[in-house]
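Line order of the protein sequences matches chains A and B.
In this text, residue positions in the first sequence follow numbering that gives the first Met the number 0: the first is 0, and each later residue adds one.
In this text, residue positions in the second sequence follow numbering that gives the first Met the number 0: the first is 0, and each later residue adds one.
Source of the hints: derived by calculation from the structure; they are not laboratory data.
The reader is advised that the hints may include incorrect statements.
[Unchecked claim] Residues of chain B placed beyond 12 Å of chain A at every Cβ, according to the derived structure:
(1) T3
(2) K4
(3) P24
(4) K25
(5) S27
(6) L31
(7) I56
(8) P66
(9) K75
(10) P77
[Said to hold, decoys possible] Some chain B residues well away from chain A (every beta-carbon gap over 12 Å; in silico):
(11) A17
(12) I23
(13) S30
(14) S44
(15) L46
(16) V63
(17) S64
(18) D78
[Stated by the list, open to error] Distance ranges between label pairs, derived from CB positions:
(19) B:V63 / A:R186: 15 to 25 Å
(20) A:T355 / B:G51: 26 to 36 Å
(21) B:G51 / A:T143: 33 to 43 Å
(22) A:R186 / B:E5: 22 to 32 Å
(23) A:A92 / B:T29: 31 to 41 Å
(24) A:R186 / B:T29: 22 to 32 Å
A quick note: this is a predicted structure, and the numbers were derived from the prediction, not measured.
The C-beta atom is built at its ideal place from N, Cα and C for all residues, glycine as well.
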Amino acid sequence: MTLNQALTIINSRRESGEGGIYYLACGFEPLHLTTLLRAHLLESRVDRKNLDIQHGVYGDLRGNIDSAARSGAIAAAVVLEWGDIDPRLGLRASGGWSSETKADILASCPQRYAHLESAIEKLGERMPVAVAPPSLPLPPIGNTIRAQSSVLELELEQQLAAFLLRLARLPGVRVVQRQRAEALDVRMELMAGFPYPVPFADALANSLVKVLCQTPPKKGLITDLDDTLWSGLVGEVGVKGVSWSQEHHTQAHGLYQQMLGHLASCGVLLGVCSKNELSIVEEALARKDLYLSAESLFPVHANWGTKSAAIGRILKTWNIAADSVVFVDDNPMELEEVRVAHPGITCLLFPKKDPTAVWGLLGELRDCFGKPVLMDEDRLRQASIRASAQIQEMADDAASPEFLRTLQGKVTLDWSADPADKRALELINKTNQFNLNGLRIEEAEWRRHLDDESTVLAVASYEDKFGPLGKVAVLLGSQRAGKVTVSHWVMSCRAFSRRLEHHTLDGLFQQADAGEVEFAFAATDRNQPLQEFFESLGISAGADGSHRISRAGFEEQCGVLPHQVSSLTNKLTSK
Amino acid sequence: MNNTKERVALCFTNVFPAIKQDEIPKASVTSLAAWNSIAHVTLLSSLAEEFGVDFEIEDFETLVSYPLIVEHLEQKFPDA
Numbered sequence: 000m001t002l003n004q005a006l007t008i009i010n011s012r013r014e015s016g017e018g019g020i021y022y023l024a025c026g027f028e029p030l031h032l033t034t035l036l037r038a039h040l041l042e043s044r045v046d047r048k049n050l051d052i053q054h055g056v057y058g059d060l061r062g063n064i065d066s067a068a069r070s071g072a073i074a075a076a077v078v079l080e081w082g083d084i085d086p087r088l089g090l091r092a093s094g095g096w097s098s099e100t101k102a103d104i105l106a107s108c109p110q111r112y113a114h115l116e117s118a119i120e121k122l123g124e125r126m127p128v129a130v131a132p133p134s135l136p137l138p139p140i141g142n143t144i145r146a147q148s149s150v151l152e153l154e155l156e157q158q159l160a161a162f163l164l165r166l167a168r169l170p171g172v173r174v175v176q177r178q179r180a181e182a183l184d185v186r187m188e189l190m191a192g193f194p195y196p197v198p199f200a201d202a203l204a205n206s207l208v209k210v211l212c213q214t215p216p217k218k219g220l221i222t223d224l225d226d227t228l229w230s231g232l233v234g235e236v237g238v239k240g241v242s243w244s245q246e247h248h249t250q251a252h253g254l255y256q257q258m259l260g261h262l263a264s265c266g267v268l269l270g271v272c273s274k275n276e277l278s279i280v281e282e283a284l285a286r287k288d289l290y291l292s293a294e295s296l297f298p299v300h301a302n303w304g305t306k307s308a309a310i311g312r313i314l315k316t317w318n319i320a321a322d323s324v325v326f327v328d329d330n331p332m333e334l335e336e337v338r339v340a341h342p343g344i345t346c347l348l349f350p351k352k353d354p355t356a357v358w359g360l361l362g363e364l365r366d367c368f369g370k371p372v373l374m375d376e377d378r379l380r381q382a383s384i385r386a387s388a389q390i391q392e393m394a395d396d397a398a399s400p401e402f403l404r405t406l407q408g409k410v411t412l413d414w415s416a417d418p419a420d421k422r423a424l425e426l427i428n429k430t431n432q433f434n435l436n437g438l439r440i441e442e443a444e445w446r447r448h449l450d451d452e453s454t455v456l457a458v459a460s461y462e463d464k465f466g467p468l469g470k471v472a473v474l475l476g477s478q479r480a481g482k483v484t485v486s487h488w489v490m491s492c493r494a495f496s497r498r499l500e501h502h503t504l505d506g507l508f509q510q511a512d513a514g515e516v517e518f519a520f521a522a523t524d525r526n527q528p529l530q531e532f533f534e535s536l537g538i539s540a541g542a543d544g545s546h547r548i549s550r551a552g553f554e555e556q557c558g559v560l561p562h563q564v565s566s567l568t569n570k571l572t573s574k
Numbered sequence: 000m001n002n003t004k005e006r007v008a009l010c011f012t013n014v015f016p017a018i019k020q021d022e023i024p025k026a027s028v029t030s031l032a033a034w035n036s037i038a039h040v041t042l043l044s045s046l047a048e049e050f051g052v053d054f055e056i057e058d059f060e061t062l063v064s065y066p067l068i069v070e071h072l073e074q075k076f077p078d079a
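Please construct the entire structure, taking both the sequences and the accompanying hints into account.
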């Protein structure tokens, strides 16, 4: 994006509604970075609203970070440069580069990093923060020629790396991949205090926005087998004839297998869709030299029907929508057939004859499934999907109370509104089917809810004899003058058919000691499961358009609550 | 209005979105309240990008009005 393109984008949105404030904290004059950051943020917004960017004063990064934490911004970008770590490492200082000075720089950096870390930690508690590491070169203070690293430079880099590692582990803080500016704009830096050439400022702004405004990750990947997971057609060359190794010059398939293994370890669902005989596929997937566990592939559909039909069955087993799934196949025609049948699905070609393109595909998959923080629930997902399938197989009417009692289920309702729990917000912002109204919450708004004494928050966890599902439901509302209003209610599709929603509502009546609950319900294209639940309880729009249920009405309609329930509050009580 | 004038005017509109078209030919640092130091650097960077040229440091001190900018570009970069 050029500067003029950025200005055009900004001017075109001036009359749009206000979409919030972002804070850019840096020690230099932000100048074009502000413009480009704002334009990239505007481009990333689905709601097409305008937004504003605040920034602090020149030369006071620490103060600007503190100022960001006090601001009403919804997110912050912190851009570090060496001059912020020690002004003597910038161009506008005149402290000299003597041996004593260099020793002093090295000795004083740790304290500076500690101050910045403390400020960024506080900022991360208030809003999501993207931190960009220094991208400009150090001044020529090494005793070596430029092609050789000096000990001083390596020591500075080591201190920086340790600092960034600590930041990456802080809640709410995301470290941007380090980029190197091709050239410092010395003239602009000396004249205006802005160090970046415009193309680099554009690239940096783009990265900051990608890190701050991440799209929800995909949940599942469905892969073809022949000439994709392995090289060769297993039905023709046999189980031992397919390969994926360096020895057979088919390592690109081995890299893809390793990528799938990595994704499975991060909680991504992996399924197989192949036009083959199931028996030979099962035999091939049982090969011990496969680079991923065959256990992580579930379900495996191998038959001669259309791939769109097989993928439809996989989506049903996973109970997720097509737009949460990536399908990888080496055949463009198969990809097109699936794309037409399942609008929203991401179809990616496996470029079997181009290892360089395969490497690019792996990077694309990382972007499809990457998320800021990996949670315990991510690792439970695959096992719980299998458990759900087992449950479906065990009972014709899997939702019957009699059957559910045999699961020995345990529901935990956590009312403590713990700010450190990232899972609750993640669930609200990614769940579509059992969702009260489809409304999402920005992280800063979420924190305001948690700070509000009137907030009622229930985070429901579930486990049964098939294993834990983890935190799978969130109900958020407020209680004022004895009245409970639920603004958000979501439940993971993995927890369907277990009457967890009944337990949650029952828990709300008890916890709030409320006679009636009102819901900020809105029908969406996707929330049919919630609508059906409301219908089962007789909840519909009243004369004033609101959706309510009384405690007596709930108890009358609720039916059997089959699981053992524990409640966690600040004081850790249980019933 | 020749091509240079139109392109300079476009940059003025980009940097000063509230400016009226008839104000542009006589716009200067003293006549336009929004023309502060940040806007000045942004305007010259916008012009540099539009015309594919680099301004000297001293240009930042002298190019303080629309007529001066147009004259400078026409004289120093007639082919830009």
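### Query
Among the hints numbered above, which are violated by the structure, and what are their numbers in rising order?
As far as the earlier hints go, 7, 11, 14 and 15 are violated by this structure, in ascending order.
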